[in-house]
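Novice: Chain residues, written in single-letter form:
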Amino acid sequence: MKITRAGAVLVAAVAAVTLAACGSGFNSGGGKQESKKPLTVLIGSSGAAETTAVKQAVADWSKKSGIKATVQAASDLNQQLAQGFSSGKPADVFYLSTDALAGYASNGSIYAYGDKLANKDDFYPSLVKSFTYDGKLQCAPKDFSTLQLIINTDAWSKAGLTEADYPTTWDQLTAVAKKLTTGTQTGLVIGGEYARVGAFMTEAGGNLMNADSTKATADSAANLKALQYVQDNLKAGDFKYAADVGAGWGGEAFGKQLGAMTIEGNWITGSQQNDYPDVKYKVVPLPKGPAGAGTLQFTNCWGIAADSKNKSGAVDLVKALTSKSDQLAFSKAFGVMPSIQSAAGEWKKEFPNLAPFLEAASYAKGVPAAKGSADVVSDFNAQVAKLTTADPKTILSSTQKNLEALLK
Amino acid sequence: MTVTTPTELAEGAALVGGATRPARPLRTREHWTPGRIAGQAVVYVILVAIAVLYIFPFLIDVATSFKTEPDAAAHPLSLIPQVWTTAAYEKLFLNSDFPVWFKNSLIVTLLVTAGRVFFDSLAGYALSRLRFRGRNVVFALVVAVMAVPNVVLMLPKFLVINQLGIYDSYTGMILPLLTDAAGVFIMKNFFESIPVSVEEQARIDGAGTFRIFWSVVLPMAMPALITIIILSFQGSWNELEHFIISTQDPSLTTLTKGVAMLSNGQLSQGTQYPLKLAAGAIMTIPVAIVFFIFQRRIVNQSTGAVKE
Amino acid sequence: MTAATMPTRRSRGRSGRGITRGQAAAGWLFTAPVLVILGLFLLVPVLMALWVSVSDWTGRGSPISGDVHFIGAQNYGQVLWAGGLAEQDFGVALRNNLWYVLLVVPTQTIVALFLATMVNRRLLRLRGAFRTAYYFPSVTSSVAITVLWLFLFSTSGAINAVIGWFGVKGPNWFNDPDGIFHFGAQSGPRFLTGHTILGVSWWDWIGGPSVAMFAFVLLAVFTTSGTFMLLFLAALQNLSGDVEEAAMVDGANGRQRFFRVTLPQLKPTLFTVITLGLIGCWQVFDQIYTGTRGAPSKTTLTPAYLSYQAAFEGNQWGQGAAIAFILFAIIIIFTLIQRWVLAERAVSKRRMRWITDYQRTAARSGTGAAR
Numbered sequence: 001m002k003i004t005r006a007g008a009v010l011v012a013a014v015a016a017v018t019l020a021a022c023g024s025g026f027n028s029g030g031g032k033q034e035s036k037k038p039l040t041v042l043i044g045s046s047g048a049a050e051t052t053a054v055k056q057a058v059a060d061w062s063k064k065s066g067i068k069a070t071v072q073a074a075s076d077l078n079q080q081l082a083q084g085f086s087s088g089k090p091a092d093v094f095y096l097s098t099d100a101l102a103g104y105a106s107n108g109s110i111y112a113y114g115d116k117l118a119n120k121d122d123f124y125p126s127l128v129k130s131f132t133y134d135g136k137l138q139c140a141p142k143d144f145s146t147l148q149l150i151i152n153t154d155a156w157s158k159a160g161l162t163e164a165d166y167p168t169t170w171d172q173l174t175a176v177a178k179k180l181t182t183g184t185q186t187g188l189v190i191g192g193e194y195a196r197v198g199a200f201m202t203e204a205g206g207n208l209m210n211a212d213s214t215k216a217t218a219d220s221a222a223n224l225k226a227l228q229y230v231q232d233n234l235k236a237g238d239f240k241y242a243a244d245v246g247a248g249w250g251g252e253a254f255g256k257q258l259g260a261m262t263i264e265g266n267w268i269t270g271s272q273q274n275d276y277p278d279v280k281y282k283v284v285p286l287p288k289g290p291a292g293a294g295t296l297q298f299t300n301c302w303g304i305a306a307d308s309k310n311k312s313g314a315v316d317l318v319k320a321l322t323s324k325s326d327q328l329a330f331s332k333a334f335g336v337m338p339s340i341q342s343a344a345g346e347w348k349k350e351f352p353n354l355a356p357f358l359e360a361a362s363y364a365k366g367v368p369a370a371k372g373s374a375d376v377v378s379d380f381n382a383q384v385a386k387l388t389t390a391d392p393k394t395i396l397s398s399t400q401k402n403l404e405a406l407l408k
Numbered sequence: 001m002t003v004t005t006p007t008e009l010a011e012g013a014a015l016v017g018g019a020t021r022p023a024r025p026l027r028t029r030e031h032w033t034p035g036r037i038a039g040q041a042v043v044y045v046i047l048v049a050i051a052v053l054y055i056f057p058f059l060i061d062v063a064t065s066f067k068t069e070p071d072a073a074a075h076p077l078s079l080i081p082q083v084w085t086t087a088a089y090e091k092l093f094l095n096s097d098f099p100v101w102f103k104n105s106l107i108v109t110l111l112v113t114a115g116r117v118f119f120d121s122l123a124g125y126a127l128s129r130l131r132f133r134g135r136n137v138v139f140a141l142v143v144a145v146m147a148v149p150n151v152v153l154m155l156p157k158f159l160v161i162n163q164l165g166i167y168d169s170y171t172g173m174i175l176p177l178l179t180d181a182a183g184v185f186i187m188k189n190f191f192e193s194i195p196v197s198v199e200e201q202a203r204i205d206g207a208g209t210f211r212i213f214w215s216v217v218l219p220m221a222m223p224a225l226i227t228i229i230i231l232s233f234q235g236s237w238n239e240l241e242h243f244i245i246s247t248q249d250p251s252l253t254t255l256t257k258g259v260a261m262l263s264n265g266q267l268s269q270g271t272q273y274p275l276k277l278a279a280g281a282i283m284t285i286p287v288a289i290v291f292f293i294f295q296r297r298i299v300n301q302s303t304g305a306v307k308e
Numbered sequence: 001m002t003a004a005t006m007p008t009r010r011s012r013g014r015s016g017r018g019i020t021r022g023q024a025a026a027g028w029l030f031t032a033p034v035l036v037i038l039g040l041f042l043l044v045p046v047l048m049a050l051w052v053s054v055s056d057w058t059g060r061g062s063p064i065s066g067d068v069h070f071i072g073a074q075n076y077g078q079v080l081w082a083g084g085l086a087e088q089d090f091g092v093a094l095r096n097n098l099w100y101v102l103l104v105v106p107t108q109t110i111v112a113l114f115l116a117t118m119v120n121r122r123l124l125r126l127r128g129a130f131r132t133a134y135y136f137p138s139v140t141s142s143v144a145i146t147v148l149w150l151f152l153f154s155t156s157g158a159i160n161a162v163i164g165w166f167g168v169k170g171p172n173w174f175n176d177p178d179g180i181f182h183f184g185a186q187s188g189p190r191f192l193t194g195h196t197i198l199g200v201s202w203w204d205w206i207g208g209p210s211v212a213m214f215a216f217v218l219l220a221v222f223t224t225s226g227t228f229m230l231l232f233l234a235a236l237q238n239l240s241g242d243v244e245e246a247a248m249v250d251g252a253n254g255r256q257r258f259f260r261v262t263l264p265q266l267k268p269t270l271f272t273v274i275t276l277g278l279i280g281c282w283q284v285f286d287q288i289y290t291g292t293r294g295a296p297s298k299t300t301l302t303p304a305y306l307s308y309q310a311a312f313e314g315n316q317w318g319q320g321a322a323i324a325f326i327l328f329a330i331i332i333i334f335t336l337i338q339r340w341v342l343a344e345r346a347v348s349k350r351r352m353r354w355i356t357d358y359q360r361t362a363a364r365s366g367t368g369a370a371r
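Protein chains in written order, with the working numbering: chain A, 1 to 408; chain B, 1 to 308; chain C, 1 to 371.
Hints are not guaranteed to be accurate.
What the hints assert, rightly or not - Once the Cα atoms are required to be at most 16 Å apart in a straight line, the calculated EDC-like pairs of lysine to aspartate or glutamate come out as:
#1 386(A) with 176(C)
#2 324(A) with 122(A)
#3 324(A) with 154(A)
#4 282(A) with 122(A)
#5 371(A) with 204(C)
#6 89(A) with 249(B)
Source of the hints: derived by calculation from the structure; they are not laboratory data.
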């Protein structure tokens, strides 16, 4: 066909148009005086309470600093961050999870401002560790949460149990779960995922990775012991996963009284208050395992984009948002725990019944933070969801293999 | 459901065909024996049963949107709410971004539909009537493009939209959807079925190419244009993937994207089925209207020929 | 027959060169908008993604800047043969989607054909109403229908309520990761669990779609059968009635007439419907994005969603692009296989003889003549 020449011209023309437009999409942050440029704050909100509280805090800061700032509640934080970074138009300040940190820190997407924080030493050391990459604190820990045991007190007394029976060992947990299991209610209902089952691993002295996320420790004997313990109880019917009783998560199962106990974090107070105000509950520390006390902790930090047009303003905003007064306001609004040690006393005074959550700060372990670990954890979750019939050893060894692949 | 799919092409062809060609007329005389009547009754029972199966879910959708949450969970099949409530709609319209989503969907859909009707017919006319070097190449390109699955293009399209600097803008949302290969194809085929003689007189009178296209040929292509309108409206109103990858600003969220986020729980806690189903019901209405308005013409034309 | 096969009449160049030149300019002008847009947003993206799929771009800055390097087939390797999590995820997604295709394509084709023949019956009143009812699910947004489906198939939803009438407890649809062909068995024999393809054991490959994925299969049949019914309907209305009437005169019953006369004549449409079904089924994305995002236990993960997830959620742009191209290849391969199978076998010689015989009878007896 003689038409190929025309085709070539066409392709060339299209390519020329594309190339001519290059650069307009990927402009890097300019370097001139920009301390008054407006900021955008992208948050992964748990609901209206959180969004309102953050908006309020940011508005207060705007008034003081004179820098305009808008808060955006992300519909899908991970996707929006990824698209923002690759389009060169990221939000200036955003929630950043531990497992996303390494990826963005390694490709230079985020601005490591940790050393500019005056109150750096006030943050809990374990949180600082979670957000340290390449030896530098990348971002300020926003707040944190831990897991503990939540008990339905009515079901508890109905089963003839007293405060003296709060379980402190795995055997005791099994025993009370058995007593609490009735026709419609299971003793302990938890989410079938690492973020809940993992608590047992830490009690046995294990975890998926070491504290720095530099070594995979999934196939340890401690983890095997933990999974076997959970499996035995699932098989006996004293423990159940939330999905298996038709609930979306442990809190829902607990609120709907499908489970007499659950393992959840401090966020449960909000949902209990709003959705199931009639269910009375008590928070107690998780029972000690073979290696003593253990639980998981979760945290986010306030990330700042390297492409931000107003980094100094952003850092200033983060300083305000991590201050004692702002953090305590957030606690009141949506139940998180302050990331700074100096706020602990007031927090406990404010929420005496939630004290076990904060006390866990000294022994709680973080979740894996190596680059790509989120995928491995979700694969672990997919397997652990079928724990009743799966082989714990196989689960752990495949997870070990996947984690080791990340560290190569 | 994506925009430029071969499915639409075939669907379009079927719609055009249904619109232009009368159904086969009845030739043999049937005898009404009791057995035949019973057989006919069975046919109707089957047809009605299937129709119920296809329509009932939508009735449940609308009914549930007026229920309270516990009612929805307790009586999933009931079409009458225990307690009528418009709480879901109030929340959608007064306390959420839903109106913004609706507005964005409307803007995008109207512009895309207008653009496609114009550009597709323009190109279809050129490809069927105008003789120019490279016409075959152009046509080959249009056909080749139809073969590329839409989902495969998600990530690549983001890269280009980004590179062009139209990410996160109406331009980025609308421009890439403004023409579609299937539409060009449908128009080209239709124009080829119109006799050339209708243009001759206009040409002798000295009318320009565009004039001939615009005032002589285009008005004759109504059935095909209606098909393009139906498919474009439906396609762009229901489009999801393109809006996921072309925007991040909440003020540019469309209905599909917004409701999808509402559904997978990122904007809400708990199940909230009445709310989600209300959103789904509202987003179905405009497509349904367009479909019924234009479908009527087509249905009438094809059934009208069957005299009983 | 569709509009595509209508007779073509072109204006032959009776006029002089001036008009031809004018036509050339107009031709390019008229097609320019379509060319620019299709080129920019279909052709260029494919080339750019092809580059990303063989590069180490991390999602920061432009993929065509100097910092991005060519890394050969590494991204493809991660997905296809590196033995890591990416390969396993791709294997799982492929398994899920393969079962989806195997169940949806035949079912939607049969249902659509059945609906079309029912609606196409003579002497049917309310034909338009029935047609509209069956077609309606096809025009509504996949997002809205998925939301509806999540409700209908929830633990205490309408479907389980109906199942409950028969005294059976319905499954926990969208939370049930068990393969439907495992029939509740939780572990398979050693020779099946011991071997893997793409990181997925044989046992899991043969397990069928999960209960959750099966709910999506039903959704697909619900939403696509109307569209395909329309295609069959258009084809049925264009069939020559002569052959069928001759068969009727000959005493062939309804079923014989359908399988021996009507169906073979529908072959081109059947071919189109199956091709479109295959292409569509390999692209499941909207439902997964709106509904389950791959859960439970990754059993509703599809290659299309995985590609999106790898790029937009996991920042593995190269892998995401590689998956997209592998998916493209899969679609092409399946279409070719189907083309080959149907071309060879759809109409056997014996059946063809049936048709020609009837055509001859029809011509002789004169029933075919128009009145």
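Novice: What are the numbers of the hints the structure violates, in ascending order?
Specialist: 3, 4, 5
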